[in-house]
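If you read the sequences in order, they're chains A and B.
The numbers in numbering that gives the first Met the number 0 rise by one with no breaks, and the one at position 345 of the first sequence is 344.
The numbers in numbering that gives the first Met the number 0 rise by one with no breaks, and the one at position 121 of the second sequence is 120.
Hints are supplied without guarantee of correctness; some may be wrong.
[Claimed, not checked] With beta-carbon atoms standing in for the labels, derived distance ranges:
{"hint": "1", "chain 1": "A", "residue 1": "A392", "chain 2": "B", "residue 2": "N131", "range": "51 to 61 Å"}
{"hint": "2", "chain 1": "A", "residue 1": "A347", "chain 2": "B", "residue 2": "A185", "range": "54 to 64 Å"}
{"hint": "3", "chain 1": "A", "residue 1": "A382", "chain 2": "B", "residue 2": "N110", "range": "39 to 49 Å"}
{"hint": "4", "chain 1": "B", "residue 1": "E5", "chain 2": "A", "residue 2": "T362", "range": "53 to 63 Å"}
{"hint": "5", "chain 1": "A", "residue 1": "S97", "chain 2": "B", "residue 2": "Q86", "range": "53 to 63 Å"}
Just so you know, the hints here were simulated from the structure itself, not pulled from any lab data.
Small disclaimer: the values here were computed from a predicted structure and weren't measured.
Every residue gets a Cβ at the ideal spot worked out from N, C-alpha and C, and that includes glycine.
Here is what each chain is made of, one letter per residue.
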Amino acid sequence: MGSYPPREIRVHLPASIARLVTTTPGQLRLLSFAVVAALAFLALTGTNALLRREAAARAVGLQTEPLLLGAEDLYVSLADADATAARTFLHSGLEPASERERYVGDIRTSGERIAAVGSQVGTSPEQLRTVQTITGQLPIYDGFVEEARANNRQGFPVGANYLNQASSLMRNQMLAEVTNLYEEATRRLASDYRAGTSPIEPVILTIIGVGAIGLLLWSQHYLNDRTNRVFNVGLLAATLLIAGMLCWSLLRLYSENRELVSSRRDGADAVQVLTAARILLLRAESDDSLALIAHGTGDAFVKDFDNATSSLVEGTDGENTVLLQALTSRHQTKTADPIAGNLQALVATFMTEHERVRQLDDTGRYQEAVTVSLTDESSAAQALDSELGKQIALARAQMDAHAKNARAGFEMLIIALPAAIALAAVSSLIGLQQRIAEYDG
Amino acid sequence: MRKIQERGRLIAGVDQTTLLFGYRNPETGAIEGFDIDLLREVARAIFGDPSRIELKVATSPQRLPLVMSGDVDIVASAITVNCSRRQDVDFSSIYYLAHQKVLVMTGSGINGVPDLKGKTVCATIGSTSVDNIRKIAPDAVPYSVTTRADCLVALQEGWVQSITSDNTILDGFHAQDPNTQILPEALTDEPYGMAMQKGHPEFVRFVNGVLDRSRTNGTLESLNERWLQSTGEAAPPPTPRYQDGP
Chain A
0 MGSYPPREIR VHLPASIARL VTTTPGQLRL LSFAVVAALA FLALTGTNAL LRREAAARAV
60 GLQTEPLLLG AEDLYVSLAD ADATAARTFL HSGLEPASER ERYVGDIRTS GERIAAVGSQ
120 VGTSPEQLRT VQTITGQLPI YDGFVEEARA NNRQGFPVGA NYLNQASSLM RNQMLAEVTN
180 LYEEATRRLA SDYRAGTSPI EPVILTIIGV GAIGLLLWSQ HYLNDRTNRV FNVGLLAATL
240 LIAGMLCWSL LRLYSENREL VSSRRDGADA VQVLTAARIL LLRAESDDSL ALIAHGTGDA
300 FVKDFDNATS SLVEGTDGEN TVLLQALTSR HQTKTADPIA GNLQALVATF MTEHERVRQL
360 DDTGRYQEAV TVSLTDESSA AQALDSELGK QIALARAQMD AHAKNARAGF EMLIIALPAA
420 IALAAVSSLI GLQQRIAEYD G
Chain B
0 MRKIQERGRL IAGVDQTTLL FGYRNPETGA IEGFDIDLLR EVARAIFGDP SRIELKVATS
60 PQRLPLVMSG DVDIVASAIT VNCSRRQDVD FSSIYYLAHQ KVLVMTGSGI NGVPDLKGKT
120 VCATIGSTSV DNIRKIAPDA VPYSVTTRAD CLVALQEGWV QSITSDNTIL DGFHAQDPNT
180 QILPEALTDE PYGMAMQKGH PEFVRFVNGV LDRSRTNGTL ESLNERWLQS TGEAAPPPTP
240 RYQDGP
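Given the sequences, and given the hints that come with them, work out the whole structure.
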């Protein structure tokens, strides 16, 4: 009771605050406030972390992967149009209907895919300009091909020059534009994958969650100390609830991480490698036809063929080939070896046929070279292309399935987490209020 | 000469990209043209059979080195005989006198070299045609392409207003597009001869003999008619002049 000086000091504090700090019920009220504040903070940051990761998983599966695939599809249909136009030209006036249909189909598909990609690029002005450029060039390209065809049908050699115009427009401008799109999509996808597998969210969630649980446990310890009651049901329930939610959230993030890694490794990476191989093959096919069409003035195309196929079969260090990369990335799905082996055998066949064509052409046996090119070499390329197409479809399915798993299950968690935390807060308050009431009463 | 006879066939370097002179017919796959028929006459003279001939496709930069190395016996591919080339190979007598001319679209309003002022003129990079047109029509705007027929694409697409080249080439362009016309003005003379390896005067004399006979028996004239008459550009076979006298 008696001593004045401390009272004088306390005079500087408002009496209500003094009561809060010094008396047990006051301290319990403070504790209630701290618990609610900590849980509110956990609810905010936790939900935010989950929302961010869900957004990344959504972006991967619903935006950037489709954009990447759209750009790849567009590249393939344009390159296929170019290879088909050149091959059809070699047939002279007697082009088979199937080749003509394939070319027309490629042009139609390319048009549709340009529109699809246009709707996927979002608002990036640079990407939109790229799409506009390709949209404008497609009819010009087709015009050159048709002029080549009309001249060729009349036996006019200028047809070959029109075909070269078409092909150089396609290779030097249109495909280069699509490559820009593709690279941008690859960058975006990589950044979404990074965002979706970032360690920041689980770390934040763990620190704050464990902090909140620590506070709840400490509160129980404090109550145990002051009130000699072993359990406080409200606080205990809140602790269990928060611990459970923390586990659920971390498991979800872990599973998202794992699915995205799989989507990338077994899906996107394999798709990219296999598509690169397919594009190189189409380029090589065009080169081969253009070299023949150039009638001995096509050295540039022969060189370009060698460049394209060296990436296909040799790679820069002699071993790390594009197809071997494909093999390695597929290897992780345990179904690899026969597939990659099969692809390599098909590449070897194609190269053998190509050698035959070049040898015949180089020794002046032009007509035989054309025949081999249009029959054996073409069917070797066809076999390789359809095998690549099949593998790409499989890898895409992997990519889609994993991306879907990665974003599944977030919706419920994102509602459940703040709800459960609110419940925990209410439960803690009730638990603490029981004790406070004992003093007040 | 004996080597050719022992081999049993003549190996000739030819062009397959110049319509009317040496061109691969896309329908038959065969190389045909004025030069090819003339070479067949040489084969006929050696073996009595015009089909005893192996045609090797040679591009413009390849054709003289092929003769010099002996990979081919003879080349006939619209080669202009000139002094610098004479140091590397021997030439037959002149079998065709071409001229550098100008091709325009019908109704373009360009009727002669003076009208080329300010107009674009297409020619192949590195060809003598480019140098000539710079001298003859300095006010024209040159436009260079890498492959000859790219000029026809450029003209048809409206990128250029005229093309200059040998009339033999322009004949081929006109045959592919009747909406063009060749201006009558001859800017230069381009005498064509067949090229052979140096050091075989007996073979050169033999080929000259074949050409001489073709001139007198009308073969050259009928070839001219067959390949070039249709374009309205027929030139009479020129009279020969021999290095070692008639």
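S97/A versus Q86/B beta-carbon gap, inside 53 to 63 Å or not = Since the Cβ atoms of S97/A and Q86/B sit about 54 Å apart, the hinted range of 53 to 63 Å holds.
Satisfaction of the hinted span 53 to 63 Å by the C-beta atoms belonging to E5/B and T362/A = With a Cβ separation near 21 Å, E5/B and T362/A fall outside 53 to 63 Å, so the hint is violated.
Taking 51 to 61 Å as the hint, is the beta-carbon distance of A392/A and N131/B inside that range?
-> holds (59 Å)
Outcome for the supplied range 54 to 64 Å, where the beta carbon pair is A347/A and A185/B = holds (57 Å)
Indicate whether the distance between the beta carbons of A382/A and N110/B respects the range 39 to 49 Å.
-> Violated, at about 59 Å.
Consistency with the previously given hints fails for numbers 3, 4, ordered from lowest to highest.
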